[in-house]
Amino acid sequence: MSSVRQSQFIEKNTALWDSFENWLDYQDLSFWKKRSKKNKIEAPEEIDLPKVYRQICHHFALANSRMYNPVLVDKLNKLVVRGHHKLYSSRTNFIGNIMKYFAVDFPRLVRQEWKIVSIAAALFYVPFIAIIIAIQFFPDLIYSVMDGSMVNNLEDMYEPERNQRFGRERESDTDLYMFGYYIKHNIGIDFKMFAGGLLFGVGAIFFLVFNGIFLGAAFGHMTHIGYIDSFWGFVVGHGAFELNAMVLSGAAGLKLAEALIRPGRKTRGRALIDNGKIAVLIMYGVVVMSVIAAFLEAFWSSTVMPVMIKYVAGAILWSVVGMYFYFLGRTSRASIHS
Amino acid sequence: MTLDTLYQVNTPEGISLRLSPAGPVVRMLAWTIDILIRLGINAVFFTALAFFGKTGLGIALILSFLLEWFYPVYFELYKKGQTPGKKMFNLYVSMEDASPISPGASIIRNLLRFVDFLPFLYGFGFISMLLTKRFQRLGDLVAGTVVLHKSLNYPTIEEDKTKAISPPVALNLNEQQALIRFQQRIPYLTAERAEELAQIATPLLLKNSNENSIENKQASSRLLGIANWIMGAKH
Numbered sequence: 000m001s002s003v004r005q006s007q008f009i010e011k012n013t014a015l016w017d018s019f020e021n022w023l024d025y026q027d028l029s030f031w032k033k034r035s036k037k038n039k040i041e042a043p044e045e046i047d048l049p050k051v052y053r054q055i056c057h058h059f060a061l062a063n064s065r066m067y068n069p070v071l072v073d074k075l076n077k078l079v080v081r082g083h084h085k086l087y088s089s090r091t092n093f094i095g096n097i098m099k100y101f102a103v104d105f106p107r108l109v110r111q112e113w114k115i116v117s118i119a120a121a122l123f124y125v126p127f128i129a130i131i132i133a134i135q136f137f138p139d140l141i142y143s144v145m146d147g148s149m150v151n152n153l154e155d156m157y158e159p160e161r162n163q164r165f166g167r168e169r170e171s172d173t174d175l176y177m178f179g180y181y182i183k184h185n186i187g188i189d190f191k192m193f194a195g196g197l198l199f200g201v202g203a204i205f206f207l208v209f210n211g212i213f214l215g216a217a218f219g220h221m222t223h224i225g226y227i228d229s230f231w232g233f234v235v236g237h238g239a240f241e242l243n244a245m246v247l248s249g250a251a252g253l254k255l256a257e258a259l260i261r262p263g264r265k266t267r268g269r270a271l272i273d274n275g276k277i278a279v280l281i282m283y284g285v286v287v288m289s290v291i292a293a294f295l296e297a298f299w300s301s302t303v304m305p306v307m308i309k310y311v312a313g314a315i316l317w318s319v320v321g322m323y324f325y326f327l328g329r330t331s332r333a334s335i336h337s
Numbered sequence: 000m001t002l003d004t005l006y007q008v009n010t011p012e013g014i015s016l017r018l019s020p021a022g023p024v025v026r027m028l029a030w031t032i033d034i035l036i037r038l039g040i041n042a043v044f045f046t047a048l049a050f051f052g053k054t055g056l057g058i059a060l061i062l063s064f065l066l067e068w069f070y071p072v073y074f075e076l077y078k079k080g081q082t083p084g085k086k087m088f089n090l091y092v093s094m095e096d097a098s099p100i101s102p103g104a105s106i107i108r109n110l111l112r113f114v115d116f117l118p119f120l121y122g123f124g125f126i127s128m129l130l131t132k133r134f135q136r137l138g139d140l141v142a143g144t145v146v147l148h149k150s151l152n153y154p155t156i157e158e159d160k161t162k163a164i165s166p167p168v169a170l171n172l173n174e175q176q177a178l179i180r181f182q183q184r185i186p187y188l189t190a191e192r193a194e195e196l197a198q199i200a201t202p203l204l205l206k207n208s209n210e211n212s213i214e215n216k217q218a219s220s221r222l223l224g225i226a227n228w229i230m231g232a233k234h
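Just so you know, the sequences run in chain order A and B. Take the first sequence: its letter number 250 is residue 249 in numbering that gives the first Met the number 0, and every next letter is one higher. Take the second sequence: its letter number 208 is residue 207 in numbering that gives the first Met the number 0, and every next letter is one higher.
The following block holds chain B by itself, in its conformation from the complex (with noise of 0.2 Å):
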């Protein structure tokens, strides 16, 4: 069982992919983002437009309107599903079973922001995102999208340039991840820390099973080597 809030849509293509919904508190300083710009844009268009008297002032009116309910509908049908604010934070709204958002579901989920917004500061908004193991507010819900973390760029694997050897016991596949995994974390560990976890595999250490010397400072990159192997890189 796992902890974490990832979960699962399977396509017709007979794969699953892995999605993982935001929580509230980031979604809160995205929508802080969202509302600052929206009272910015707001009060440039009254002050330019007040300068046309009363016509003005109902061309900003409308305005104002269409940005209060209509600006998040825009960037999600128009920008990836992401609002600036959400944009910032690597966020984008999609249906729950990952296809892009369509436009009736994204006016549903705009135009309920009005009852997640009650009875003040996304009061229900908040109750509703606890109950739900995605995280969605009631508009959401309705609309049957949720907001999503874009997963970010990962770094590239490299060519690790350590020579391959050859585990001296079997592995399970479980043993091997661990091995693989590792090898991955290796560039954000100090090298003091690497040697220490590596340390802790002990039989891999012996060059044979008869040897009971634990070679110092250079078990890290016997592991790497024994994950290069595992990897498929020639002797």
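For reference, chain A alone in the conformation it holds in the complex (with noise of 0.2 Å):
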């Protein structure tokens, strides 16, 4: 046996694990219960947190190498846990991390992986312009991707003399529907896009041409139909954000594929853990540029202006999205993930 007995032990560090409990749960709770006037929580004496938790720290490892009562291990286990949680979690500039996210790394990041997006661009664009030309020739290739009902509703929603009627595309009330409608669907798919990828790539490869062929089919057909100015007029300013969007999505998720089909020299685990924080950095630009797709759909491609200046808006949206990621992020030159 040693030579301090664990009553002596505990007789001797009882009051400092009381008071770093004490402390630990005084720091666990929240803001407003630590100010609330009713029944205040007197604030416990302060301590100095490394010193105190690499004290019990070696505490711990005392009680285990002489094998001291379970529960008493048991119970210093549990306030090194709690220690390790509170001195290792991080607190950051949430401000300032989102603003240099945007300025710098997202477009940065995009760059960095082209490879990867560009896989991702071609799986969406190659179909897309490839079934909108196609349908020039072969107007019927529409009935192979939609039915004829979606096919009539469509040119309902973009029948050219239904703006001259209404002055408007739709209700005005309408429009924040529209918005809701939006995010909820359009996000919605990004995320499921994104997770898709880890199914070695297949969902990721599966949403991007499958939504290749069916917006190309939608597109190739109002523009056989003649419906040239009000559906182009509408879907060109928010595409700009929307369809890049999806691509980007997309080639999140080819990431996560990247790390099972080619790992390289780490393990797949491993591969998945690091290429994983690079695509989820890559969805964060993902959700606010859908949010701000979903926003111009809802309220700026629904109303009635000039085809013209919609044409307009709708190229310095394109070159806005196409000079963001060309151009910012290349003063500083650390780079984010090596």
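Calculated directly from the structure, the hints in this document are not laboratory data. Quantities reported herein were computed from a predicted structural model and do not represent experimental measurements. Worth double-checking, as some hints may not be accurate.
Unchecked claim - Cross-link-like lysine to aspartate or glutamate pairs, in silico, EDC-like; alpha carbons within 20 Å at most: (1) B:Lys149 <-> A:Glu20; (2) A:Lys50 <-> B:Glu12; (3) A:Lys77 <-> A:Glu10; (4) A:Lys85 <-> B:Glu95; (5) B:Lys79 <-> B:Glu95; (6) B:Lys79 <-> B:Glu194; (7) A:Lys77 <-> B:Glu95; (8) A:Lys77 <-> B:Asp33; (9) B:Lys149 <-> A:Glu10; (10) B:Lys162 <-> B:Glu95; (11) B:Lys86 <-> A:Glu10; (12) B:Lys149 <-> A:Asp273; (13) B:Lys162 <-> A:Asp146; (14) A:Lys77 <-> A:Asp27.
Mind docking these for me? Both chains are given alone in their own frames, and the hints should help you get the complex.
Below you can see the structure in the form of structure tokens.
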């Protein structure tokens, strides 16, 4: 048996353990409980967290190696886990990080991952454009993608005379409804596309190609039947954000697939964790782009104005997105992830 | 070798923390609670906001979107890794190294929930949990997170009034441990069962080596005395 017996050990150190536990309990209280006037909880004595934590770690190690009472060892283990949580939790400059993310990190990350972004873009835009062109020559192709009632709905929505009749593409009180709908629907698809990447990329590739074909068919059909101004005028503005956000979430999904298919010198588990961190950084940007897209689609695209203005605005929005990803974040040097 | 699912994490302070990951069944129960809460909140949103026509419906859609994807994220980041369901079953989410979950990891594990849910009712997630040592679903693997049991409060160590007795024979560490554990368990045993167990330690029950009779009935209290002596109580 060791020189210090358990009861002496407990007697000597209980005060320290208790004060540490009290301090932890107080730290865990919510901001409001700490301030509430009704039943004010006295703040315990300030402690030197790193020092006290190290001491208790030491006690825990001693108690373990001396094979003290399991209940005591458990109690110390619990204290150590809580202290560990407190000491190693990170306090970050939240607002500053967000600003830096959009001004520097996000566009730079997209450039850094240009290979995988290009693959995702090709998977979406190649079938998209191919179908638009194909439908100009073989208009019946639309019916192998959508059924008749969907085509009718679509034609009805963008019928050029509709606007003259109502003066507006839809009632204004439905704008907010459509905003909510686009958020739930479009961002949901983005998230699923990202998650689907984990199935060796199959999910991400499926959603990219499927959306490419489906949207391409709609675009091609509307062009073919001559609803050019009402349809393209409507989609060109928010498309800059919506379509590219979709491509980027596909790219984030493919980044997960890359870890499984081509982990390099890491284990697949390690590669997944590392690539997951990059992928989720891309997803933050995707969410914001999709919200902007939903906002534009609900409140801007639906207003009626000379179609020329819509085309000009569309051109500006597309070039803003392009320039954002091409130019921003080039000045400072350090790379985000090695 | 132990059969249980505990695992240890080494900290920079040179000690190892013992953590116990939670299995599929208890997590499924916690999830069921959470899904019921979410359905309840959703129902309230839609009925309350339905009074405001299409505008209200739009707001309800946005709220239900947030609830669908970010309900667990909120609780994991701001409520110490516990959604209400997890809290009910004393579980919490943490990084694999026992540090608090980071915002990025929380978002990853909750977005990837969609894949875990495939092909139906967490099929992939369940398979992944059975195949990994720490019961991690796919989202946990990518995020580097794990769902742990929160250790409950142990009963306090009560002062035992039994007089300390020095053991008649020298005991090695394992034997001393066994006696201490016996002392710990006594409150949870019936007197008869305690006595029965105590009888097993025959050599300790003899007053001295040349006596042969075993004192009945006092066996357990004698072991308690020896345990007290081991723990450092004075004679």
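Going down the list of hints, with the structure as the test:
no.: 1; hint: B:Lys149 <-> A:Glu20; result: holds, 16 Å
no.: 2; hint: A:Lys50 <-> B:Glu12; result: holds, 11 Å
no.: 3; hint: A:Lys77 <-> A:Glu10; result: holds, 19 Å
no.: 4; hint: A:Lys85 <-> B:Glu95; result: holds, 16 Å
no.: 5; hint: B:Lys79 <-> B:Glu95; result: holds, 15 Å
no.: 6; hint: B:Lys79 <-> B:Glu194; result: violated, 44 Å
no.: 7; hint: A:Lys77 <-> B:Glu95; result: holds, 17 Å
no.: 8; hint: A:Lys77 <-> B:Asp33; result: violated, 27 Å
no.: 9; hint: B:Lys149 <-> A:Glu10; result: violated, 27 Å
no.: 10; hint: B:Lys162 <-> B:Glu95; result: violated, 46 Å
no.: 11; hint: B:Lys86 <-> A:Glu10; result: violated, 34 Å
no.: 12; hint: B:Lys149 <-> A:Asp273; result: violated, 28 Å
no.: 13; hint: B:Lys162 <-> A:Asp146; result: violated, 89 Å
no.: 14; hint: A:Lys77 <-> A:Asp27; result: holds, 15 Å
In terms of the numbered hints stated before, the structure departs from hints 6, 8, 9, 10, 11, 12 and 13, listed from lowest to highest.
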